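Number of protein chains: 2
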Amino acid sequence: MNNWFTEFWTNHIKFSIRIKEHLFSQQTPFQKLDFYDSYELGRFFTLDDIMMANEKDEFIYHEMMIHFPMTVNPKITNVLVIGGGDGGSVRELCRYSSIKAITMVEIDEIVVRKAQELLPQTAHKLSDPRVKLIFADGCQFVRDTKEQYDLIVIDSTDPIGPGEGLFSREFYQNCAKILKPEGIVVNQHESPYFEQTRIEMMRAHEKLRSIFATATVYQAFIPTYPSGHWLFGFASNTQKPQSINGSKELIDSFNLKYYNHEIHLASLVLPNYVKDLLKK
Amino acid sequence: MNNWFTEFWTNHIKFSIRIKEHLFSQQTPFQKLDFYDSYELGRFFTLDDIMMANEKDEFIYHEMMIHFPMTVNPKITNVLVIGGGDGGSVRELCRYSSIKAITMVEIDEIVVRKAQELLPQTAHKLSDPRVKLIFADGCQFVRDTKEQYDLIVIDSTDPIGPGEGLFSREFYQNCAKILKPEGIVVNQHESPYFEQTRIEMMRAHEKLRSIFATATVYQAFIPTYPSGHWLFGFASNTQKPQSINGSKELIDSFNLKYYNHEIHLASLVLPNYVKDLLKK
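Residue numbers (our numbering), protein chains in the order written: chain A, 4 to 283; chain B, 4 to 283.
Fair warning: there could be bad hints in the mix.
Claimed, not checked - Which stretches of chain A does chain B cover? Using the computed rule of at least three CB atoms under 8 Å from a CB of chain B, they are:
# : segment
1 : 17–26
2 : 34–43
3 : 99–111
4 : 255–267
5 : 274–283
Simulated from the structure, these hints should not be mistaken for laboratory data.
Predicted model, so just to flag it, every value in this text is computed and none were measured.
Every residue gets a Cβ at the ideal spot worked out from N, C-alpha and C, and that includes glycine.
All chains, please: the whole structure from these sequences, using the hints.
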């Protein structure tokens with residue numbers, strides 16, 4: 004069989020994955036959803052033909068997204084996840100017995116239901132009793148909710164299609180309003196390397212910096228996202244990203260494959276060209 | 004024009020670059036050499052259809068390869084470069100007025116001459132009066148030379164074809180013999196992510212560790228090498244990789260685009276799965 008899934012990382016760069024089987028394809032009310040099985044990456048799914056998560060490296064994205072803020076503030080108990088339909092962020096949150104409530108607001112129920120069926124590696128903790136699933140627009144949810152959160156995880160797609168609002172100034176301002184004083188916002192923050200993601204990265208950073216007392220980025224090696232150099236945003240009015248407050252024993256007990264406390268600090272150290280982009 | 008250069012990162016993963024022009028192609032006595040111009044990466048060249056260097060991100064590889072050891076031991080004056088036909092490592096070495104002699108031993112003269120013609124961005128310092136070019140087999144050179152070096156830079160291709168010997172135990176042992184007591188060896192050390200490069204990476208590390216008192220790896224984001232997560236090896240009998248002995252003023256004066264002293268330390272901090280591979 005000689006069947007490839009190809010993603011255009013830019014107009015001039017392609018990344019292709021040999022597939023074993025095209026498991027599922029549907030145009031949902033929001034986006035085109037596909038699940039594949041592959042030789043190199045195991046199962047993976049795409050939205051509008053863009054890689055979201057695969058069995059081989061999803062641990063990197065989800066560990067970095069969740070254990071970074073949980074280490075800065077281990078007293079977090081009430082978490083809001085926006086997006087994150089594959090359940091990987093919820094899975095990492097569920098490792099903490101100290102977390103009491105996880106509200107996940109995902110616009111596209113079909114993504115969640117198919118991930119539960121076809122990608123249990125990421126989705127298997129969505130049935131945890133602490134998890135409340137709400138299928139709604141995240142922008143509207145943060146505008147309307149009366150709840151206050153310790154941690155908001157913006158686990159979005161790229162800022163085109165349904166993910167676009169999750170990179171808007173209004174959305175970030177509403178996140179700030181529903182954040183407790185000691186709260187943290189983390190987000191999927193695109194890549195500094197290729198031009199299109201770089202521009203989105205700079206815009207997101209500028210907005211977050213104008214709203215929160217502290218806004219910075221941290222990075223990880225994610226081989227299946229464009230360029231493999233991926234950023235996360237950290238924003239808070241009171242917490243500092245380099246504060247290691249979580250217990251080493253607890254983190255060690257999770258047997259993570261990527262994140263550790265030294266990686267936490269190292270992920271904040273940026274190459275000169277990325278620092279220069281963030282100053283602009 | 005709709006012309007692509009495609010590299011197989013594994014049997015099941017392809018990376019493709021849209022090319023403007025195929026500038027040069029030749030089967031040399033050692034390997035197949037091609038130069039291209041591209042929309043996204045500028046000019047680049049390949050050996051046996053594997054990306055070696057491109058104008059967009061070669062700075063990352065060359066800065067990390069050279070400024071890392073020069074920061075650990077700024078007293079280095081006599082340097083041996085094995086391979087490195089594009090001249091990028093020599094260019095970075097030439098920034099240091101303290102370096103008195105650079106011997107570059109490259110097996111394939113055609114690579115050097117075509118890089119001087121078609122890739123002056125990397126090759127333009129090969130004419131520096133401190134640089135001595137020797138077109139010979141690096142394995143034989145380190146076996147026969149009577150010279151002693153402060154720094155040996157193994158700027159090799161992958162361990163297949165002409166680069167194979169530069170990953171052998173005998174070659175590393177001969178490097179150790181021609182290294183001054185305070186000397187350092189750095190090498191292109193493959194990637195931990197995909198299986199084939201991972202196996203080569205583990206083998207190289209095991210050999211270096213059995214020969215030198217200290218052998219470790221450090222990493223960088225290099226988007227056009229397979230997985231984008233690339234390692235360098237550091238080996239020495241007396242020097243420690245985390246020692247920042249170089250002057251911050253000097254490094255700042257170079258206006259580098261990737262490397263800085265904080266990146267130096269952060270590049271030594273490895274994800275858990277990479278640490279586990281190196282313990283094996």
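For each hint, the structure was consulted:
1. 17–26: holds (count 5)
2. 34–43: holds (count 3)
3. 99–111: Our answer is that it is violated, as 0 residues pass the Cβ test (under 8 Å) against chain B, missing three.
4. 255–267: holds (count 7)
5. 274–283: holds (count 3)
Violated hints amount to a single one, hint 3; each of the other numbered hints is respected by the structure.
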